[in-house]
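Dock chain B against chain A, hints included.
Chains as they are written, first to last, in the working numbering: chain A, 1 to 451; chain B, 1 to 265.
Worth flagging that the hints you see were computed from the coordinates, not collected in a lab. Some clues are possibly wrong.
Under the rule of at most 30 Å between Cα atoms (straight-line distance), these lysine-lysine pairs were calculated in the DSSO-like manner [to be verified]: (1) B/34 <-> B/106; (2) B/34 <-> B/17; (3) B/43 <-> B/106; (4) B/17 <-> B/152; (5) B/152 <-> A/324; (6) B/106 <-> A/341; (7) B/106 <-> B/17; (8) B/152 <-> B/140; (9) B/140 <-> B/106; (10) A/324 <-> B/106; (11) B/17 <-> B/43; (12) A/341 <-> B/17; (13) A/341 <-> B/140; (14) A/37 <-> A/22; (15) B/99 <-> A/341; (16) B/99 <-> A/28; (17) B/112 <-> B/140; (18) B/152 <-> B/106; (19) B/152 <-> B/43; (20) B/112 <-> B/34; (21) B/112 <-> B/152.
Some chain B residues close to chain A (C-beta under 10 Å, calculated; not the full set) [said to hold, decoys possible]: (22) 87; (23) 91; (24) 93; (25) 100; (26) 106; (27) 180; (28) 184; (29) 196; (30) 221; (31) 239.
Just so it is clear, CB atoms sit at the ideal spot from N, CA and C, and this is done for glycine as well.
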Amino acid sequence: MTDATASGAVPSGAGQGSLLAKDQRTAKRNAAEGRFKIYGLIAVCIGIAALVLLLTSILTSGLSAFRQTTIAMQVTLDAERLDPSGVRDYDEMAKVTTFGYAPLLRDGLQATIAAAGIETELDPGDAMELISDESVAQLRNRVLNNPDLIGQTIEVNVLASGRIDGFYKGRVSYASAELDSNISPEQLQLAEALEERGALKTGLDWRFLTAPDASDTRPEAAGLGVAIIGSAYMMLIVLVLALPIGVAASIYLEEFAPQNRWTDLIEVNISNLAAVPSIVFGILGLAIFINFAGLPQSAPIVGGLVLTLMTLPTIIIATRAALKAVPPSIRDAALGLGASKMQSVFHHVLPLAMPGILTGTIIGLAQALGETAPLLLIGMVAFVREYPDTPLDGGFFDPATALPVQVFNWTQRSDPAFVERASGAIIVLLAFLLLMNLTAIFLRRRFERRW
Amino acid sequence: MNDMRHMERAVRVDTTKIAARDVQVFYGDTHAIKNVSVDIPDKTVTAFIGPSGCGKSTFLRCLNRMNDTISTARVEGHIEIDGEDIYDRRVDPVQLRAKVGMVFQKPNPFPKSIYDNVAYGPRIHGLARDRADLDGIVEKALRRAALWEEVKDRLSAAGTGLSGGQQQRLCIARAVATSPEILLMDEPCSALDPIATDQVENLIHELRENYSVVIVTHSMSQASRVSQKTAYFHLGELVEYGETGQIFTNPQDMRTENYITGRIG
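Extracted from the complex, chain A is given alone in its bound form (with noise of 0.2 Å):
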C-alpha cells in the first residue's frame, strides 16, 4: 500500500503542487465556465435587443395615431335645411342624411378660406376633400342630438381627411400626391396656408381612444373604444367566472380530493387544457355557446365564457402551486387545534396562498386579454360602430369587438394609414399589459408585506 503511494500509482494534478500554480483542470473549467458567461450574455443581449427593436418600431409607427389633424371653422347651421318640417321632431329632422350637412361644412369651409384671405383655384368641392367624410356624419349626429343648435353658427373642429392628416404625419408628398387619386399637390397647398392662418392644427386628440371604429375609407375617424369596452367586459367576465371557479376546484383538489386514479385523471386533464391551442377553445365556443346555447355572436358574454375555459387552467395550476407552497405545519397547527379542514383552509390556508393565486389570475387575465384566436371564431371580428349598452343594461350581449381582434381587423386593411391605427391599438394593448403586470407585483407585495 505504502509502496504503491511512493511509486506514484496516485494520479498528479488534485492535491498535489502549488496553489499558487493553476493546474490543467482547474484553468480548463474556468475556461468554461468563462464561456458560459459569455453565452448567457449574448442570448440576454439579444433578447433585450429583440425587444427594443419591437418596442421603437411599434411606438415610432403607433404614437401618431394619437395625434389627429383638424380644422377648425363656423358652420352656420340652416334650419331651412336641417329641419323643413319645423318642429324639432327627432324622426323627421333624421330624414336629412349627410348630404344635407355636407353644404353645410363646405360653406363652413369657403368662408375660413375666405376670412383668411387664401386664394385658391380649388373648387368648393375639391376643397371639401381637405374634410374627413366622417367629420359630417359627426356634425349631424350633434345636431339631431341636440335640436336647439339649429339656427345658430356654431365652432366645430372637424377632423381632416385620411390623406391630409397622414401628410403631416410623414405619411403623404407632394411627390406621392402627384400620384394619388385621393389627394392632389394643391389640396396640400390649401392645407399648408390654412396651417399658417392657423385654422388646421395637428395635436393631441383622444378620439382614438373614444371613437368607433370607421370604415376602410375614413382610417382618420378608426378609433378604438367599442374595442376597449368589448375587452374590458370580457376580463369582467372571465375575472368573475374563473377566479371563483379556478380557486375552489383547486382548493378541492389540493386540500380535499382523495387521492385516487379520478383526481389523478383530472390532473392530468387539467395539465392538458392548459396547452391546448386556444382557436380550438374558439371551436368550442362556437359549437356549445352560439350554436347550442343560442347566444348572440360576438357579444362579449361569449368571448367572456370562453376566453374563461382558456384561463381555468393557468388560474387552477398556479392556485394549486401557491396551496402546495404553504408549510404542513400551518394546516397542522389550525387542525390540532380544533379548526375543521374548510377552517383550516380558508382561515389560514388560503391567506397564505393569495399573492400566488392573484399573480397566476392576472397573469391568465393577461393571457386572456391579448388572446385573438377564438373571438375570431365567435364573430368578434365584426365592424362594429355601436357603443355596447352598460353591463346592467345587457351591454355583455350587444355586439363588441376586443382590442387584439381590432389590431387584426385594421392590419387587413388597405390604406396605409390604418398601419398607424394598428400600431397605435398595439401600444394600448400594450399599456393594458404593464397596468395588470404592475398590479399583479403590487398586490404580490402588499399581501407579502403583511408580516
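Chain B alone, transformed into the frame defined by chain A:
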C-alpha cells in the same frame, strides 16, 4: 432535588385518562405500531421515549386522530378517553382535537399577531362571549405559558417575529387557550436552545396541575426531568411502561436498558 422528584412521583396516580388497547397503525403496507396497550393517568406527565422511527410520534398522533389527515394511515384497536372510544364512528375528530390539544416539533405560529394566534382556538370554538372575555382568555393562556410578561406590550406584533423559544411557548399558549383536558407534545424542545428548553420544561411542570400531558422526546434526560411515567417504544412495540424512576434506574427489558445506557439509539 432528587428527593423532591421522588416525592412528586409518590403523588397518587389513580384515574386513567387515556386507555389504549391493542392499537395497530399501518401506513400503507408498513406496520408502524404493533399491539400497543397503555393506560395514561390524569394530571401526570407521561413521556414516550425510543429511537428514531420507533413509532412514538405516530402513537401520539393517534391520540387526537391527527393520523386521519394522512390518507394512507389506518388505525386499528381501541383508544378510550374518559371511557369513550375516540375512533367510534360518531366521534367528530374536530371536536376531539378541541379536547386534546397538540404542540408540534417545530414551533408553528400562524403568520398573524400574537393575540390572534392565541385567540384563534377560543374564537372557532365560541369560548368567549365578548371581546373582554376573549382578552381574559388570551392573557390567562399567555400567563400559563409563561409568555405574558415578555409579550404583553406587543400583542399585535407578528407571532412569527418571536424567538424560537417564545414561538414554542406561544404555540403552547395557543393550545392551552382552548382549555383542553389533554396536551400532546411532539418533541416540543427539539428545535430549541438549552435556555428555551429549560423554560418549556418548567412550563410542562406547571401544566401538569391542570392537564394530562403526553410528551414525545428524544432526550432521555428530558424525560427523566419532566415526566412521572415513561413508556419505551422500540420498532413499533411498547417495550416497557412504568414509573419514570423505575424505568431509568431499573429497567426490566434488555432493549430498554441498552437504549438508556446508550448502547442503541
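Requested in this report: State the violated hints by number, sorted upward, taking the hints as numbered earlier in the document.
Outcome: 4, 5, 16, 20, 22, 23, 29, 30 and 31
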